[in-house]
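Visitor: Residue numbers (the working numbering), protein chains in the order written: chain F, 171 to 331; chain P, 203 to 335.
Restricting the straight-line Cα-Cα distance to at most 27 Å, the calculated cross-link-like pairs of lysine-lysine (DSS-like) are:
1. F:K190 - F:K176
2. F:K190 - F:K209
3. P:K279 - F:K268
4. P:K305 - P:K279
5. P:K327 - F:K292
6. F:K209 - F:K325
7. F:K323 - F:K209
8. F:K190 - P:K327
9. F:K323 - F:K252
10. F:K268 - P:K305
11. P:K279 - P:K327
12. F:K292 - F:K206
13. F:K176 - F:K206
14. P:K323 - F:K252
15. F:K292 - F:K252
16. F:K292 - P:K279
17. P:K327 - F:K252
18. F:K209 - F:K292
19. F:K176 - F:K252
20. F:K325 - F:K252
21. P:K305 - P:K327
If you're looking for bench data, these hints aren't it; they were derived computationally from the structure.
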Amino acid sequence: MTPDEKRLAQIAHLWNSRAKGLITHMGLQIEQANRKGVKIRMPHNPDFCVDNAGTMLHGGILTALIDSAFGLAFFLAIDDVKTMATLDLRVDYLRPAKSRADVIVFAECYRDTRHIAFGSGKIWFDTDDCEEVARGNTAFAITRGSGPGLLDKLKTAGPGN
Amino acid sequence: MNISDIQARCESVPFFRFLRVEFIAATDTTTTAQMPFEERFIGNPVLNTYHGGIIASFMEAVASVSVMDDANSELVKPINLTVDYLRPGIAGTLSTRATISRKGRRMASVETVAWLEDEDKPVAKALFHFLLV
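Sequences and hints are given; from them, build the entire structure.
Guide: Following this line, the structure appears as structure tokens:
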């Protein structure tokens, strides 16, 4: 493993093991995580549906999912990130999220500047035709610098410590 | 719309129960609601702040209810949203007010604002479009 691959693996591992709250509740599984983007699976969960039969996801959970994926994508793509916060987020719901299949999200950082990072992503159901249900775009406010970064903070905070 | 009718209708929606949305008041153009803080709403494990997606989901839930014709109508279809995150969503009861900008026959546009203790210091604002047909 190159040092870079090791760093990416460490971030992905920490992101999973130190997660709490919504990320844990969503049961996210990282399928791909590198500088070019992240691919994350969210298992079907009736809690996130609008009907008691559990067949249609609420749009809000797709927004939460893509926001989470952007966070990890920027973390991986930007080496010296110290803090980050979502500045804005735009989501288009392309069709009703009607399925009991798992949901997959892909998110990438396509440009990062000193203060701002831009991301783009899409969400589809893990079915034969990979029907796309949403697209999202975001801008994150980031701070950079040497010294303890986000990675170090995650190592020493959150559950497991 | 009557608040207890709205609340009863929303208790039948699993995701609204997950969010624990409590409706406070509703007029023809504005709907206000609250959501208590829960550990499962945390997004940042270091700061223990609300997940941005939960804040957006809460605003979307209230915005969608604000454009319903009556408490027993079908849920409206979300088209898209733009959310502007203004301050950290620290732990505490979150409030939101949805204001209908325009409700036509096919489409509705709704603005929302969410705050913690001080309405003049909003945590987020958002714009939602819904398809009504």
